[in-house]
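Protein chains: 4
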Amino acid sequence: MTVSVGLIGFGYWGPNLARAIAATRAGDLAALADADPARLERAATRYPSARVFSDPKLLLDQAEVDAVVIATPADTHFDLARRALNAGKHVLVEKPMARTVGQAEELARIAEENGLVLMPAHVFLYNAAVRKVRDYIESGELGDIYYIYSQRLNLGQVRRDVNALWNFAPHDLSILAYWLGMTPERLIASGFSYVQNKIEDVVFVTLAYPGGIGAHIHISWLDPQKVRLMTVVGSEKMIVYDDTSADERIRLIDKGITRKLILEREQPSSALGDYETFGQFQLLLRAGDVLIPKIEFDEPLQLEVEDFLAALRDGRQPLSDTQSGIEVVRVLEAAQRSLDLGGPVTV
Amino acid sequence: MTVSVGLIGFGYWGPNLARAIAATRAGDLAALADADPARLERAATRYPSARVFSDPKLLLDQAEVDAVVIATPADTHFDLARRALNAGKHVLVEKPMARTVGQAEELARIAEENGLVLMPAHVFLYNAAVRKVRDYIESGELGDIYYIYSQRLNLGQVRRDVNALWNFAPHDLSILAYWLGMTPERLIASGFSYVQNKIEDVVFVTLAYPGGIGAHIHISWLDPQKVRLMTVVGSEKMIVYDDTSADERIRLIDKGITRKLILEREQPSSALGDYETFGQFQLLLRAGDVLIPKIEFDEPLQLEVEDFLAALRDGRQPLSDTQSGIEVVRVLEAAQRSLDLGGPVTV
Amino acid sequence: MTVSVGLIGFGYWGPNLARAIAATRAGDLAALADADPARLERAATRYPSARVFSDPKLLLDQAEVDAVVIATPADTHFDLARRALNAGKHVLVEKPMARTVGQAEELARIAEENGLVLMPAHVFLYNAAVRKVRDYIESGELGDIYYIYSQRLNLGQVRRDVNALWNFAPHDLSILAYWLGMTPERLIASGFSYVQNKIEDVVFVTLAYPGGIGAHIHISWLDPQKVRLMTVVGSEKMIVYDDTSADERIRLIDKGITRKLILEREQPSSALGDYETFGQFQLLLRAGDVLIPKIEFDEPLQLEVEDFLAALRDGRQPLSDTQSGIEVVRVLEAAQRSLDLGGPVTV
Amino acid sequence: MTVSVGLIGFGYWGPNLARAIAATRAGDLAALADADPARLERAATRYPSARVFSDPKLLLDQAEVDAVVIATPADTHFDLARRALNAGKHVLVEKPMARTVGQAEELARIAEENGLVLMPAHVFLYNAAVRKVRDYIESGELGDIYYIYSQRLNLGQVRRDVNALWNFAPHDLSILAYWLGMTPERLIASGFSYVQNKIEDVVFVTLAYPGGIGAHIHISWLDPQKVRLMTVVGSEKMIVYDDTSADERIRLIDKGITRKLILEREQPSSALGDYETFGQFQLLLRAGDVLIPKIEFDEPLQLEVEDFLAALRDGRQPLSDTQSGIEVVRVLEAAQRSLDLGGPVTV
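Residue numbers (this note's numbering), protein chains in the order written: chain B, 29 to 375; chain V, 29 to 375; chain G, 29 to 375; chain Y, 29 to 375.
Please note that a few of the clues may not be correct.
The calculated lysine to aspartate or glutamate pairs, modelled on DMTMM-like cross-linking and capped at a C-alpha distance of 25 Å, are [claimed, not checked]:
{"hint": "1", "chain 1": "B", "residue 1": "K254", "chain 2": "B", "residue 2": "E324"}
{"hint": "2", "chain 1": "Y", "residue 1": "K254", "chain 2": "G", "residue 2": "E264"}
{"hint": "3", "chain 1": "B", "residue 1": "K226", "chain 2": "B", "residue 2": "D368"}
{"hint": "4", "chain 1": "G", "residue 1": "K254", "chain 2": "B", "residue 2": "D326"}
{"hint": "5", "chain 1": "G", "residue 1": "K254", "chain 2": "Y", "residue 2": "D270"}
{"hint": "6", "chain 1": "Y", "residue 1": "K160", "chain 2": "Y", "residue 2": "D317"}
{"hint": "7", "chain 1": "B", "residue 1": "K288", "chain 2": "Y", "residue 2": "D270"}
{"hint": "8", "chain 1": "Y", "residue 1": "K254", "chain 2": "V", "residue 2": "D270"}
{"hint": "9", "chain 1": "V", "residue 1": "K322", "chain 2": "V", "residue 2": "D368"}
{"hint": "10", "chain 1": "G", "residue 1": "K254", "chain 2": "Y", "residue 2": "E324"}
Sample of chain Y residues lacking proximity to chain G, with all beta carbon distances greater than 12 Å (derived) [to be verified]:
{"hint": "11", "residue": "A54"}
{"hint": "12", "residue": "L86"}
{"hint": "13", "residue": "E133"}
{"hint": "14", "residue": "I241"}
{"hint": "15", "residue": "D271"}
{"hint": "16", "residue": "A315"}
Since the hints were made in silico from the structure, they are not lab data.
We treat Cβ as the ideally placed atom computed from N, Cα and C, and that holds for glycine.
Start from the sequences, fold in the hints, and give me the full structure.
So, in structure tokens, the structure goes:
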């Protein structure tokens, strides 16, 4: 069975989704919608066999469309996804799935009641490097996870509909949820607006997870360098994951500080200085090998689309499941609240 | 005239100061004090012409000592500096100068009343790259300064007397004060403790300066990589300053986003996507050359010691002046308060 | 007028050429030929409007084909290009244009007699970074050119029809000719075969140009790293050109050694040691800024195809002209002779 | 027993040797000689307990001097080493040990007849990274060694007594001998002189070792970048050794090309293109993990001096033994002959 797919939105990201849908054997790009005539014409030229609509509602009316992919501005996600679900379509919706947890949960409810797949487009869950890091975390190779920090910096993609938090942080938050398997309890966010009034270009979020695990996200679309860097600090080993690297995305670093009980005064390790020996324990620096594992890298966007189509065919949740979409919106909403209040909030 | 210098503290950093004092023609390393017998013996062996004392008070009693350099644990700085100033000695004290603004101001008052130099050891003010960045900022080459962020990360130098904030942030804060010429108005700090109980290994501080200028500091002594990176984002150009680079410490990057008023709908620049054109202005990405200026680099620590000795000889303030020491303590104290409260504070 | 283009060869590189031809408005991909049925089918599927032929001779018989692009194994270039020219077609032929200078000159003669464009596919002449380096050289910014060295290293693309010299060196040799505007006088080549018998995987060529200018090429398809690096050493400045870099392809480095006459013994500059001062001149090290110029980068292959089509339309030589094709083959032939003889040869 | 050591030459490198001798417990820096009064004064100031001589012969006359370290211009090595050996002193001589094999062998003969240690200062044999690479080679981890290439590039240290070959290549040649355990059979060298007349600034040497192993050396003191890079290509794995890296000197890369016999036409691996499948075997690209081993790095110069003193104490050859000194001179002499002749030579 080939799934008949309709795509709504042919702006910045939509064309990439169109390409991925066109490239899969599991689906067929049957319909396209965009309110902008120039974009719609571009879409029609590139995909002559797809029907095109200037109004997404007309696309949703097409009975032969089984599934809808939504790649429109963030504020329209909820409304379009709800209409699509109510029209009996499976939905793959770009992040953020909605602007409030209430909206996200409503979508989830409609999807469940109608036996439909509702999938947030957390594309990084389909990134082989992100999966590899999770494997290392789950295997216990890193020991206890202490904290994770992320930098997602860029120059160029300034958005007007949402601030940098809503634009970039869904990536970091979906990755953190995937790696840690939990939602943060508290967070504190701060940000600055320079290019546009009241739309933050730069946002910092510190997150506290259960068990004392910490995280920090630095997001900016006003930076001299393109950075996609996440660092995981564990008690035994550490990982640096650089998504901009062509073939060295992950470094597994055998480094750490070990506490050792001491009974009498010993000679301090020189690197740690002299302070250590006055207490009851000594802090020993360990440093071993660095491993750069070979990663077979397939295009995450293609895998995302394949998983969506396989999930609706098999009647299962995709890896990027509905609940993860809700949780990401929950943290985004809390972070926005913290930005607005200028102080810490519980998630 | 050769200044007779006494050094108190021969632990982790003291030996470096001793070497710098011994290397200058303006001063003479006349006395050394450390309560630890092993360290004192090491000091005596390396500097046979210096008198050595197990009690710093005895060193301060020496009439021929003109100036004292203090390189002891942070909690002892105030008491030792006060004693030294009261004994009529000029003082170069390691950062932080004190643990509270009240203490720092008291030291400043004693120094002023006695016509003595009181200098905090803000060694980065003597770093040629830091100075070069200030030249660029002051010349207006960067346009308006939007925000600055700093990463000071490491593995190894875990302290027990102070957390990572008090250990590392004096560097960042003294550099920020030097570059921006102002003290932040508000800040918010968050941190995590892993290796030791209640001693933060990782600290994040977001600072708001007058005029909407922002800053962010990420400090950690629990990181897989040694990072000493500061980024200055201006409206016209940006700077990346990497202190770990041997000969490319500074990159001056001609990049930015320009707002351009538009009267009618225009074709959007492809890099910025389609969103831009719906408003009344267009956001244009600019990207030009990168310049890596040649920097003549002298050892900052040596320059710091030279400036201290020249200042007391000439009866002037050193570049790293008393007031900068007070201001750094003021921000540290506020950041600690924010850490303790878990929320934003005014500085 | 739209030029009707036929493409012969749909193996490793042919599909890229097909894409570039299909993307230009100046030409039309009218016909495709490949002896391999699987490839031909792939070509037919991707370009349904093109006529496909299993025998290139049949393609050449098509009267409506104005121009032919040849992307077949190296040993077939001469024969196919000759047939195409004799059939009155303009020709863009992959490098090397032929296997001997005699062959290359024969092609040139036929093209000239028939008023046809004969263009070797020296794609790097259409690389904006390569052009930028030539601008710097021509402007005199580098001073006198001393020498240039190139590394073109890889793992993966092992060829069976030609050795690494004939595979990769046409790039280096066409770039050197473009930059220096001359052909080398003498050269010496050495190489090693490991993977296949008598097909060199690794080749080194040292070239002597008129005026004492030197060059060195290191080619390998058996290397742990992908390297595309050329360094130009001039008397005043130097350039490092790294074609694998995304946005820092060129570094213009203000470095050099200056000879200065000295009348009496002076204090030597420490970096150069003490030896310098015994002669009549002193060697002074200069080191200034590094500039990374912004380069507007368009796809070289597309520009190559556009230039071919514009040249035949305008009745002019393309930038990558016939003579450059002959000169590259001349040097390759000499280098192969040197490899075979194991000694130096005149070009 | 503490060995009494005399050092001849306090120019560029001598002070480093003096420091290493002064730092060891096994030896005592008893005497220093340099014909230049300024240098001698500097030496005397820094090492007040050493006797200083303006004439090295006087130093050799001192009966209490057990061992002599020679750090003078290359052309004086043979004469000074011979005198020292004839005076009954053990000798550590900077590279090159002599300018001809005849000279080197004469020194070896005198040393052997008198039961003295004659050690060439091949300092890289005491570099932990160089040793680690040898461990990997010897363990068979790399499979068969195919070829090794080295780049030793710099700007600044232009010599007047010898060309770049004699200055830098002893490092590469001693490392190659240490890694491969053999002397090359044939070589071909080419070079260019720019800064000084007939003193090559840039030299390339291709070496053929027994068993088809190849090597290539690129040496320059006229380069925009400091490069100390050696690459070992084996049939199973490859190593990149970057001596300028602070903590990632070695990368062990699991990459290679495997020949696989094929009985019928198979689908080619895409990376290798289509050519491979027409023969009787297929070439398969393998790419696995990269390992950056932790290396405990001690200062090589210090280890060199320690080994010299231990060797004379224990009556054994040091790791950098006399024969390695002869072999390095043998290859240098052959390379110079090739440079002069402009063609290949047997070693």
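Consistency of the hints with the structure:
1. B:K254 <-> B:E324: holds (23 Å)
2. Y:K254 <-> G:E264: holds (18 Å)
3. B:K226 <-> B:D368: holds (10 Å)
4. G:K254 <-> B:D326: holds (20 Å)
5. G:K254 <-> Y:D270: holds (16 Å)
6. Y:K160 <-> Y:D317: holds (18 Å)
7. B:K288 <-> Y:D270: violated (35 Å)
8. Y:K254 <-> V:D270: holds (19 Å)
9. V:K322 <-> V:D368: Not satisfied, since the Cα-Cα distance of roughly 43 Å exceeds 25 Å.
10. G:K254 <-> Y:E324: violated (29 Å)
11. A54: Label holds. Min Cβ-Cβ 29 Å, cutoff 12 Å.
12. L86: holds (21 Å)
13. E133: The claim holds: Y:E133 sits with its nearest Cβ about 28 Å from chain G, beyond 12 Å.
14. I241: violated (9 Å)
15. D271: holds (16 Å)
16. A315: Answer for Y:A315: violated, closest chain G Cβ roughly 7 Å.
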